[in-house]
Amino acid sequence: MLNLDKLNSNSELDLEDEQDQESGVWLSISDLMSGLLLFFALLFIATQIQLQKKIEELRKYEEALKNLPLVVQTAIEEGVGGDAVEVDPETGDVSLDDKILFAEGESELKPEGKAFLNKFIPIYSDVIFSDEQFDKEIARVVIEGHTSSQGSDEVNRALSLERALSVTNYIFSEQLNFSNEERFEEKILISGRGEIDANQSLDNAKDRKVTFRFQLRRPDFSDFVNQEGEKVKESIDNQR
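Quick note: the sequence shown uses UniProt numbering, first residue 1, plus one each step.
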């Protein structure tokens, strides 16, 4: 004969075991969700902190970009002056009239040109390294040779490049010494633009020049995006 009391007792035990197992499962899921919520809360806080740092970097970049042309213009007007130098108030590009540097059609610096560079370059380089933010944001200083539209394209390209090279060679020769010379040299690029930027309809003397132009670094948020993406991926992998 079946023992009904024993059977009922076993059924009750099995039911209790199932309930305990289900309770354990729900506790595990609850713990997992709590852990995930805590992680993402901390991740959000960390992301906000990093984002604020990037926003501050962007603010400094914009401020430097805004102030640089004025600082360049003021320094050159006070230290050099004259009509031979033109500063773009928007970009800080400095254009030197070719007449003060070279004879017509020549790429060899005149004595007056060397004397001018002796005065101009120390002032110009001092501006770049006078502010840590300027130094950081200015990736390159491009020394560009330009010609008017008179003559052939081939001759003008060659002449503009030779003039830019002549200016650069003199700047870093033993005849010209200035502070931060090595750091300044690391930023230099040389370019011969020929008549590309010249007025093609007439021979304009203002098109014949040597220009010092800044290449600025662009704000880079890629490292921030990559770091946060790696954190999320790592979190998901750890929870599997």
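Bear in mind the hints are in silico, worked out from the structure with no lab data behind them.
All C-beta atoms in this analysis are idealised placements derived from N, C-alpha and C, irrespective of residue type, glycine included.
Treat the hints with care, as some may be off.
[As the list claims (entries may be wrong)] Quick list of the computed label-pair ranges, beta carbon to beta carbon:
no. : residue 1 : residue 2 : range
1   : K119      : E185      : 27 to 33 Å
2   : N204      : G79       : 34 to 40 Å
3   : K60       : E106      : 31 to 37 Å
4   : Q52       : L189      : 24 to 30 Å
5   : E77       : F129      : 16 to 22 Å
6   : L42       : K119      : 56 to 62 Å
7   : N169      : E78       : 39 to 45 Å
8   : G105      : T74       : 46 to 52 Å
9   : T47       : G79       : 45 to 51 Å
Here is what the structure says about each hint:
no.: 1; hint: K119 / E185: 27 to 33 Å; in the structure: 19 Å, violated
no.: 2; hint: N204 / G79: 34 to 40 Å; in the structure: 28 Å, violated
no.: 3; hint: K60 / E106: 31 to 37 Å; in the structure: 43 Å, violated
no.: 4; hint: Q52 / L189: 24 to 30 Å; in the structure: 34 Å, violated
no.: 5; hint: E77 / F129: 16 to 22 Å; in the structure: 19 Å, holds
no.: 6; hint: L42 / K119: 56 to 62 Å; in the structure: 58 Å, holds
no.: 7; hint: N169 / E78: 39 to 45 Å; in the structure: 28 Å, violated
no.: 8; hint: G105 / T74: 46 to 52 Å; in the structure: 34 Å, violated
no.: 9; hint: T47 / G79: 45 to 51 Å; in the structure: 46 Å, holds
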